[in-house]
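Modelling step: build the complete structure from the supplied sequences, incorporating the hints.
Below are the chains, spelled out letter by letter.
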Amino acid sequence: MSSTAALDHWSRFTPKQRIKRYGVLLATLLVVAWALQSIDVIWEWVWDSPAQMADLFSRMVPPDPQNLPTIMQAMWETVNIATIATLFAVILSLPVAYIAARNTTPNVVTLWIGRFILVSSRSVNTIIWALLFVAIFGPGIIAGIVAIMFRSIGFMGKLLGEAIEEIDTRPVEALQASGASRFKVVLYAIVPQVMPTFFAVSILRWDINLRESTVLGLVGAGGIGIILQGAIDTFNWPEVSTVLLAILAFVILGEVVSMYLRKRIL
Amino acid sequence: MTDFPDTWRKPPFIRNTLLRRGLWIAILAYVVFTMATLPIDWERVSAGMGRAAKIFGGAFPPSFARADLLIDGFMESLKIALLATVAGVGLSIPIAFCAARNIAPRPVYYLGRATIIIARSFHPVIVAIIFVKAVGFGPFAGVLTLTVYSIGFVAKLLAERIEEIDFGQVEAMRSAGAPFFSTLVYAIAPQILARQVGLSIYQLDSNLRASAVVGLVGAGGIGATLANAFGRYDYDFALAITMVIVGVILVSEAISGVIREKLA
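Chains as they are written, first to last, in the numbering used here: chain W, 1 to 266; chain B, 1 to 264.
If you are wondering where the hints come from, they were derived from the structure by calculation, not from laboratory data. Every value quoted in this text rests on a predicted model; they were computed, and no experiment measured them. There could be a bad hint or two in this list.
What the hints assert, rightly or not - Heads up, simulated BS3-like pairs for lysine-lysine below, C-alpha to C-alpha not over 30 Å straight-line:
(1) W:16 with B:262
(2) B:156 with B:133
(3) W:263 with B:156
As the list claims (entries may be wrong) - Calculated Cβ distances over 12 Å to all of chain B for the following chain W residues:
(4) 140
(5) 166
(6) 254
Note that CB positions come from ideal geometry on N, CA and C, so glycine has one too.
See below:
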């Protein structure tokens with residue numbers, strides 16, 4: 001903006017910026033329009049959907065607490081799946097994080113092995129892992145635990161690896177200079193620095209895993225999902241709403257607990 | 001200082017010895033107890049190893065023979081993710097305003113928060129099952145599901161951003177007598193717009209991931225193709241699909257990372 005031109009009004013963007021912004025907006029609109037007109041949707045169902053949903057909702061009310069003891073038992077199983085899987089994943093993710101962090105990995109080959117484990121673990125969703133492990137182990141809890149473990153390792157390994165890469169290197173150098181073994185360097189110079197992240201990440205993942213473990217049963221991998229699937233298959237909508245309410249309470253409780261733990265530990 | 005310690009020990013994470021040991025014992029007891037009581041059939045687990053070999057044997061090499069099915073599934077997933085992002089982000093804006101403590105009156109605030117909590121609590125797969133039952137199989141159920149999923153995330157973070165805004169500008173406009181709506185547009189919107197765009201791109205990426213999963217229960221997209229392949233023991237095709245899913249997710253993660261970096 002030249003200083004000679006008198007500003008008689010204020011505008012937030014230069015003309016060039018404005019053209020760019022409208023261009024992006026237009027492109028977005030075009031893409032959305034393309035998606036809307038080419039998606040394979042039966043529009044009669046769409047117009048019908050509010051009525052259908054109201055109907056479904058009316059079937060769900062009031063919730064039927066008759067099976068509550070069974071539901072609570074399945075909930076407890078779900079907690080156990082999430083917790084045990086998180087515990088194992090925490091342990092297994094430590095060495096992976098160690099070799100996936102650039103500053104602690106012994107060489108390039110292990111770095112790439114670490115990165116490969118992290119990426120393949122993270123990119124496959126828990127349900128897809130569960131599908132695979134149900135095919136291997138048969139339906140049941142073990143498939144659920146292993147599926148959640150496989151998914152969590154990538155998540156925790158990545159965040160822990162990043163924490164290791166960001167550590168202050170001076171304690172490491174000091175220990176190395178005094179002739180400490182590699183194990184002692186890790187234990188005394190690296191572990192104390194990543195400890196807070198370690199706990200934060202474990203709690204966060206536990207919270208996520210509680211949510212994920214509620215759906216494992218839908219592919220046969222144990223937990224509350226099995227009861228939910230059963231109730232849906234038999235059109236027992238009052239029980240479905242009971243299970244949904246139970247899941248809601250359970251997830252909120254998990255969030256409260258993890259918030260409390262985070263505050264206490266960090 | 002006569003008895004200065006000549007050895008050093010790492011200070012424990014929890015200082016209270018009793019609490020520390022108690023915690024360890026409690027954790028150990030929990031693990032042992034749960035592992036012992038979980039209905040795990042170890043015989044089947046060991047039998048599973050042979051089955052794993054068979055599955056992986058059947059999966060290699062991955063088969064791209066039905067690439068057209070794969071591409072169709074992916075295009076559908078992409079469309080589901082796009083439409084759900086637009087709808088979800090659009091709906092998140094009013095919900096986020098409702099759920100911001102500094103803008104909304106108390107009752108509205110609680111309503112907004114409750115909406116977000118409910119949208120966040122249910123795993124997309126559960127939401128998908130309900131929608132599939134309500135509106136039938138296909139991508140429409142997927143779009144609805146991911147819309148709910150997007151609201152849970154975008155509205156939550158956007159509400160937090162609104163709570164952090166510089167309130168001076170709002171006060172300035174209010175004292176100049178601006179109506180409520182103008183305050184939203186000129187005092188609040190400019191402050192949250194950058195975050196909103198960043199969140200939308202992140203959510204698009206996240207919806208693309210999730211759209212692969214909701215298809216497993218009949219809500220359209222590549223997940224439906226994957227579930228079919230798995231159900232028909234077409235492990236080589238299933239592996240091909242999984243590989244493409246992983247590839248697409250990595251690419252979309254990279255793209256969204258680049259865009260968000262440019263925006264920031």
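query: Okay, which hints does this one fail, numbers in order?
result: The structure breaks hints 4 and 6; every other hint is satisfied.
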